[in-house]
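Trainee: Sequences and hints are given; from them, build the entire structure.
Those protein sequences? They're chains A and B, same order as listed. Here my numbering is used: the first residue of the first sequence is 1, the next is one more, and so on. Here my numbering is used: the first residue of the second sequence is 247, the next is one more, and so on.
The set of hints was computed from the structure by calculation and includes no laboratory data. Heads up, a few of these hints could be off.
Subject to a maximum C-alpha distance of 27 Å in a straight line, what follows is the list of computed DSS-like cross-link-like pairs (lysine-lysine) [stated by the list, open to error]:
#1 B/Lys373 with B/Lys358
#2 A/Lys193 with A/Lys51
#3 B/Lys550 with B/Lys568
#4 A/Lys217 with A/Lys51
#5 B/Lys568 with B/Lys373
#6 B/Lys718 with A/Lys193
#7 B/Lys550 with B/Lys718
#8 A/Lys51 with B/Lys358
#9 B/Lys358 with A/Lys217
#10 A/Lys51 with B/Lys718
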Amino acid sequence: MSESRTIVSFRDVAFEVAGVRILEGVDLSVARGETLVLLGESGCGKTTTLKLINRLIEPTEGDVVVNGRSTLAVDAVGLRRGIGYVLQEGGLFPHMTAAENVGLPLRLAGSDSGSIIARVDEMLTLVGLEPDSFANRFPHELSGGQRQRLGVARALVADPDLLLLDEPFGALNALTRAAVQQEFARIVRELGKTAVFVTHDLHEAMLLGSRIALMDKGRVVFLGTPEEFAVSTLPLARAYLATVEL
Amino acid sequence: MSFLDFITANWRELMMLTREHIVIVMLSTAFAVVLGMPLGVLLTRVRSLQVPVLGFANVMQTVPSLALFGLLIPIPFLGGIGARTAVIALALYALLPVIRNTVTGILGIDPKLREAADAMGMTNAEKLRIVELPLAAPVILTGIRVAVVISVGVATVAAAVGAGGLGTYIFRGLRQNDNNLLIAGAVASALLALLFDLALGQIERSFAIGERTQRTRRRIVGFGIVGVLAAAALIGGFAGSESSAGRASELPASGERIVVGSKDFTESIILAEILAQMLEAEGFSVGRQFELGGNLPHESLLAKAIDVYPEYTGTAFTAILKRDPITDPQAVYRETAGSYEREFGLVLSPPLGFANDFAILIRGDVARKQGLRTVSDAVPVSRDWQAGFGQDFMSRADGYPGFVRAYGFAFARQPREMDLSLTYRALAVGELDIIAGNSTDGLISALDLFQLEDDRRYFPPYEAVFVARQDKAELLRAAFERLRNTISTDEMRKMNFEVDGNKRQPRDVVAEWLREN
Chain A
1 MSESRTIVSF RDVAFEVAGV RILEGVDLSV ARGETLVLLG ESGCGKTTTL
51 KLINRLIEPT EGDVVVNGRS TLAVDAVGLR RGIGYVLQEG GLFPHMTAAE
101 NVGLPLRLAG SDSGSIIARV DEMLTLVGLE PDSFANRFPH ELSGGQRQRL
151 GVARALVADP DLLLLDEPFG ALNALTRAAV QQEFARIVRE LGKTAVFVTH
201 DLHEAMLLGS RIALMDKGRV VFLGTPEEFA VSTLPLARAY LATVEL
Chain B
247 MSFLDFITAN WRELMMLTRE HIVIVMLSTA FAVVLGMPLG VLLTRVRSLQ
297 VPVLGFANVM QTVPSLALFG LLIPIPFLGG IGARTAVIAL ALYALLPVIR
347 NTVTGILGID PKLREAADAM GMTNAEKLRI VELPLAAPVI LTGIRVAVVI
397 SVGVATVAAA VGAGGLGTYI FRGLRQNDNN LLIAGAVASA LLALLFDLAL
447 GQIERSFAIG ERTQRTRRRI VGFGIVGVLA AAALIGGFAG SESSAGRASE
497 LPASGERIVV GSKDFTESII LAEILAQMLE AEGFSVGRQF ELGGNLPHES
547 LLAKAIDVYP EYTGTAFTAI LKRDPITDPQ AVYRETAGSY EREFGLVLSP
597 PLGFANDFAI LIRGDVARKQ GLRTVSDAVP VSRDWQAGFG QDFMSRADGY
647 PGFVRAYGFA FARQPREMDL SLTYRALAVG ELDIIAGNST DGLISALDLF
697 QLEDDRRYFP PYEAVFVARQ DKAELLRAAF ERLRNTISTD EMRKMNFEVD
747 GNKRQPRDVV AEWLREN
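Mentor: So, in structure tokens, the structure goes:
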């Protein structure tokens, strides 16, 4: 994999908080256009790994490189504005309408309001929310699935190369989750975005991931395609697979 | 006078006091918000500051309001007497709810939202402006509402430092035994608190998350009420350009400016008004800082907030100079004048002609039935009497402890310590049986009270004088000379009764007396 195709790389990264090792010796690369799924149980370090990419936290040891530069060498605010971020339930601001939430990254970037409105409508349509009926609704007036779509729309609105998603669909019921997952897979494919996707759900990982990084106790214990994962002999991987084959 | 008649007759003054009240509350709240919100935000950023800053604000709230006013008086720039001190004191009180609710409001925001804001690449300032303050707004507004309601209440005490406001009516009502004044002051400030509470509550609700549909209507209602308050303040402003007792006179005068102070009881106000009107007649520009509570007049004199106020030699000698009481009036005057000049650089005027001694009072019918004439007469029959005294009498060197010892009183029950002006009424209705009032008080005859003679000459003499700052003494000399021995005890009692009993304005009573003398 050539360096220019690599958008994110972790070099022997460790992270420690209050003397507790959360991550140890993480080496990872994310290639442009792929969706890397970080899979693991709660506390395995997958969310920590994600937050190191947009410098919400900083590595204790090693280096995280985004677009060829160490995250510590660039301005954190600038770095984050170039990266879309989706949280569970979308992380929407409850005092803003759907349109205001989605348009916020553009407002921060200083776009004029006319172009913001046009772009927001485009994004709402992309995630399957009819602008005329949804633009002026508040988050609490929307369903969980609709909120999640808005979260994705907001992450995409400024057209970032890279998307980070922290268990975005975890709180949705099974049917909605399936629909939103399909939609997300389509959007990422159509737009050719790179995504790092955190989940504890193997089914989701197999569906969305170009590659899966299985994490356990702060280390990456498996890295490969879903097909490779399916035939892995690693006990933890087998345990995961057992839950899906039920 | 019925309450309605009273309100009709005093509408202008009531509106003016209300306006002063509103202005004091609004200014102090504005200060508290301007200072408290940034402080609160800072505390969410630098958490180690939370304990000391909130601790300070907490302590400020526990300081009794009158004590806080007293503490502020000698502080240059901040203190002094008048509305400025009141605004600062109230702002200090209002600080805690504002800071605390800003901190609680911001720290109470879902961490996921803060994470979303950070991850979006918001700067600290953007995060504060776009996310944290709007989301914390309902909680912060609650803090402001609490601050305002507290301020409306505490601002009534501000009248004691000459800040005006509705407390003026409450203090005056207590002093003059006037229910109309009391009710007007209390009801008006209660209404004000309710109105503020309602208005801010409406605004607060309009900021609640997702209340979009009702937002406009509530804002209109809220701002409507605020508008009404502001209009009331303005109208009061036009109606009341004379300004209240606690404020400077706005009479145009060419001469030098002299600020006359007074204590917070009728006689002191009358004496101060006499001097003020004489000085005005001489062409001075006169400021009035009347109705200062407790030791405030003396403190204000030392702090140069006032230039002159009426005092009693016995009070100056025992309460301010802290000497042991002596009974010779001339000796007291001489000693006091000398010590005042040496210790404070203050000058005593010649005696005004009367003394306002402590008067041991009982009900007239009791005195007549039991044939009591002197304090000594009362000692044997007083075992089961309920005594009641003002705070002043209970605490001072020449007050209660020495008095009881000198006469050998043995009250079975602990005396009640209460507001002096209330003891008169309590005595008259039989709640109390013996009190210590002032010998020149007009209420003595009005309420059919009887003054027992101080047959052991326990109380030091309380000759009325003016105390002035040395640098103003020359300007005041003529007036002081004219007042030398001109006010008899009888005249003083009459003037007191005109104000307390007949509910006339001190200004008019004094003008009348000056015409006759």
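Trainee: Could you run down the list of hints and mark each one as holding or not?
Mentor: Cross-check of the supplied hints:
| no. | hint | in the structure |
| --- | --- | --- |
| 1 | B/Lys373 with B/Lys358 | holds (13 Å) |
| 2 | A/Lys193 with A/Lys51 | holds (18 Å) |
| 3 | B/Lys550 with B/Lys568 | holds (22 Å) |
| 4 | A/Lys217 with A/Lys51 | holds (17 Å) |
| 5 | B/Lys568 with B/Lys373 | violated (60 Å) |
| 6 | B/Lys718 with A/Lys193 | violated (85 Å) |
| 7 | B/Lys550 with B/Lys718 | holds (11 Å) |
| 8 | A/Lys51 with B/Lys358 | holds (13 Å) |
| 9 | B/Lys358 with A/Lys217 | holds (24 Å) |
| 10 | A/Lys51 with B/Lys718 | violated (73 Å) |
Hints 5, 6, 10 from the list above are not met by this structure, while the remaining hints are.
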